[in-house]
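S.K.: In case you want the letters, here they are:
There are 2 protein chains.
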Amino acid sequence: MKIALVAPSCTLKPEAAELVIALAATRNDCELAIHPQCFLSDGHFAGSDEQRLGALREVMADDSVDAVWFARGGYGSNRIAEAACADLSAAAKAKTYLGYSDAGFLLAGLHKAGCEVVHGPMPQDILRDGGDKAVARSLDWLLSRDRAGIEPSLSFPPQAYNLTVLSSLLGTALEPDLSGAELLIEEVSEHYYRIDRLMFHITGSANVRGVRELRLGNMSDIPENEPVWGSDEEAIVREWCDRAGINYGGRAIIGHDVGNRIVPFGRN
Amino acid sequence: MKIALVAPSCTLKPEAAELVIALAATRNDCELAIHPQCFLSDGHFAGSDEQRLGALREVMADDSVDAVWFARGGYGSNRIAEAACADLSAAAKAKTYLGYSDAGFLLAGLHKAGCEVVHGPMPQDILRDGGDKAVARSLDWLLSRDRAGIEPSLSFPPQAYNLTVLSSLLGTALEPDLSGAELLIEEVSEHYYRIDRLMFHITGSANVRGVRELRLGNMSDIPENEPVWGSDEEAIVREWCDRAGINYGGRAIIGHDVGNRIVPFGRN
Numbered sequence: 006m007k008i009a010l011v012a013p014s015c016t017l018k019p020e021a022a023e024l025v026i027a028l029a030a031t032r033n034d035c036e037l038a039i040h041p042q043c044f045l046s047d048g049h050f051a052g053s054d055e056q057r058l059g060a061l062r063e064v065m066a067d068d069s070v071d072a073v074w075f076a077r078g079g080y081g082s083n084r085i086a087e088a089a090c091a092d093l094s095a096a097a098k099a100k101t102y103l104g105y106s107d108a109g110f111l112l113a114g115l116h117k118a119g120c121e122v123v124h125g126p127m128p129q130d131i132l133r134d135g136g137d138k139a140v141a142r143s144l145d146w147l148l149s150r151d152r153a154g155i156e157p158s159l160s161f162p163p164q165a166y167n168l169t170v171l172s173s174l175l176g177t178a179l180e181p182d183l184s185g186a187e188l189l190i191e192e193v194s195e196h197y198y199r200i201d202r203l204m205f206h207i208t209g210s211a212n213v214r215g216v217r218e219l220r221l222g223n224m225s226d227i228p229e230n231e232p233v234w235g236s237d238e239e240a241i242v243r244e245w246c247d248r249a250g251i252n253y254g255g256r257a258i259i260g261h262d263v264g265n266r267i268v269p270f271g272r273n
Numbered sequence: 006m007k008i009a010l011v012a013p014s015c016t017l018k019p020e021a022a023e024l025v026i027a028l029a030a031t032r033n034d035c036e037l038a039i040h041p042q043c044f045l046s047d048g049h050f051a052g053s054d055e056q057r058l059g060a061l062r063e064v065m066a067d068d069s070v071d072a073v074w075f076a077r078g079g080y081g082s083n084r085i086a087e088a089a090c091a092d093l094s095a096a097a098k099a100k101t102y103l104g105y106s107d108a109g110f111l112l113a114g115l116h117k118a119g120c121e122v123v124h125g126p127m128p129q130d131i132l133r134d135g136g137d138k139a140v141a142r143s144l145d146w147l148l149s150r151d152r153a154g155i156e157p158s159l160s161f162p163p164q165a166y167n168l169t170v171l172s173s174l175l176g177t178a179l180e181p182d183l184s185g186a187e188l189l190i191e192e193v194s195e196h197y198y199r200i201d202r203l204m205f206h207i208t209g210s211a212n213v214r215g216v217r218e219l220r221l222g223n224m225s226d227i228p229e230n231e232p233v234w235g236s237d238e239e240a241i242v243r244e245w246c247d248r249a250g251i252n253y254g255g256r257a258i259i260g261h262d263v264g265n266r267i268v269p270f271g272r273n
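Protein chains in written order, with this note's numbering: chain A, 6 to 273; chain B, 6 to 273.
It is worth saying that the hints were derived from the structure and are not from the lab. Some clues are possibly wrong.
Pair by pair, the computed Cβ-Cβ distance ranges are [claimed, not checked]: (1) B:233 / A:226: 20 to 28 Å; (2) A:38 / B:161: 38 to 46 Å; (3) A:87 / B:118: 30 to 38 Å; (4) B:229 / A:233: 53 to 61 Å; (5) A:255 / B:31: 29 to 37 Å; (6) A:214 / B:32: 45 to 53 Å; (7) A:239 / B:161: 25 to 33 Å; (8) A:214 / B:132: 49 to 57 Å; (9) B:71 / A:232: 50 to 58 Å; (10) A:6 / B:236: 55 to 63 Å.
Even for Gly, the Cβ is constructed at its ideal location relative to N, Cα and C.
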């Protein structure tokens with residue numbers, strides 16, 4: 006099976022690429038094709054919009070590629086996502102796409118376009134302490150649909166997003182249809198007051214109010230609030246779900262950490 | 006003329022209140038009524054949601070009050086804005102409401118409810134270097150509709166928002182109708198990548214695409230981007246306007262600074 010790596014947001018660290026290549030080499034079922042675009046750098050991004058879009062569309066159109074694995078997050082896939090998801094070839098529609106965090110813009114657009122998309126660990130996660138297990142979880146899913154890595158309490162059909170990414174999707178051409186979905190959210194490095202504002206925003210959406218339930222993944226590295234906030238992320242999420250009449254379904258094992266489990270959108 | 010101060014977001018600093026009282030005392034046309042709620046503190050906020058909403062609704066219902074001046078921004082008016090704007094009395098509808106930044110949630114909701122709302126300096130701005138001039142500009146508008154303080158290039162009907170606040174309004178019950186409006190935006194303390202993501206979000210909205218033109222106020226205290234971003238806020242705003250087919254109308258004199266001019270929504 007051939008898995009192509011592209012970086013629609015920020016530049017992949019070479020040491021992460023080396024570790025993922027070594028990990029893949031321990032298996033005989035996996036051919037990794039790391040697109041050179043992953044190592045480009047143009048300001049904030051892994052190359053210009055044209056370079057990132059070009060590499061992504063190239064691997065999407067390649068019949069020999071079975072899956073596209075987004076190399077890392079950061080910021081920037083939204084700048085090319087609408088173009089990436091337009092006029093998809095049969096080859097593009099036949100692939101699986103895997104990533105999370107900023108790659109959520111692409112997960113949303115590709116899911117909407119009818120592709121199989123999966124929320125899960127990305128190659129750069131291998132640099133986390135214990136990150137090899139996280140990255141192996143994604144490989145196990147892509148290579149053998151190993152259900153051991155799936156988020157353990159999933160009910161179907163699920164969708165999972167970074168909270169800021171979901172907020173930024175609402176009202177755009179990439180906005181996912183969430184009606185009847187199990188919605189999982191996660192966040193990293195946002196203050197409580199920002200989490201509160203984001204929850205105000207997403208739970209004010211008629212689309213989000215149509216979910217079957219909302220579950221809260223990890224919200225990690227929350228900077229200190231000044232003054233002290235006085236509650237926590239679960240209290241915030243519960244409150245806004247309550248206000249909006251959304252079923253709060255408890256915690257979920259996704260997030261910016263090595264525990265980040267697999268969430269295959271809309272699959273059973 | 007009686008102007009009531011309430012704090013729907015964060016706590017007003019007592020030294021700001023004293024300076025504004027002193028400034029108002031130099032004029033014989035102004036009675037300031039600083040609601041004690043302005044000095045409450047409950048975690049991040051100037052009192053609980055109930056206390057902030059109660060004080061706001063109290064002054065809105067008061068026939069003796071001509072204008073409501075939001076004491077400062079921060080975060081939190083969104084938590085009470087929908088309730089604040091529901092079932093308005095004739096007394097509430099007859100008043101003028103003035104503020105900016107986080108108070109934009111209330112400006113949006115009250116404008117939508119048919120009230121006269123104005124984007125302009127707030128009492129706590131008096132603590133800025135030269136802030137007395139900014140605060141006097143708001144008083145001059147409230148007391149005598151002094152056109153000298155109006156944003157000099159306004160065309161009508163204008164609306165002005167903090168960019169993050171506008172993004173957070175989209176899709177909620179408070180979302181303003183922007184069709185045909187001159188839209189002014191400003192921002193403070195957001196990284197370039199966040200400004201870029203916010204512009205992606207707002208220009209992806211059909212409502213925002215219906216504006217007559219969009220103008221860019223001050224975006225101040227932009228934290229350093231890592232890696233270096235490579236352009237600036239005007240290039241970002243221009244690009245997203247261009248992508249979305251929105252007329253970019255140039256710079257505007259609003260923002261988190263003492264130059265912040267008066268923008269009376271929808272007035273001529």
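S.K.: Now tell me, hint by hint, if it's right for this structure.
M.R.: Each hint, compared with the structure:
| no. | hint | result |
| --- | --- | --- |
| 1 | B:233 / A:226: 20 to 28 Å | holds (23 Å) |
| 2 | A:38 / B:161: 38 to 46 Å | violated (57 Å) |
| 3 | A:87 / B:118: 30 to 38 Å | holds (35 Å) |
| 4 | B:229 / A:233: 53 to 61 Å | violated (27 Å) |
| 5 | A:255 / B:31: 29 to 37 Å | violated (58 Å) |
| 6 | A:214 / B:32: 45 to 53 Å | holds (48 Å) |
| 7 | A:239 / B:161: 25 to 33 Å | violated (46 Å) |
| 8 | A:214 / B:132: 49 to 57 Å | violated (40 Å) |
| 9 | B:71 / A:232: 50 to 58 Å | violated (33 Å) |
| 10 | A:6 / B:236: 55 to 63 Å | violated (40 Å) |
In summary, the numbered hints that this structure violates are 2, 4, 5, 7, 8, 9, 10.
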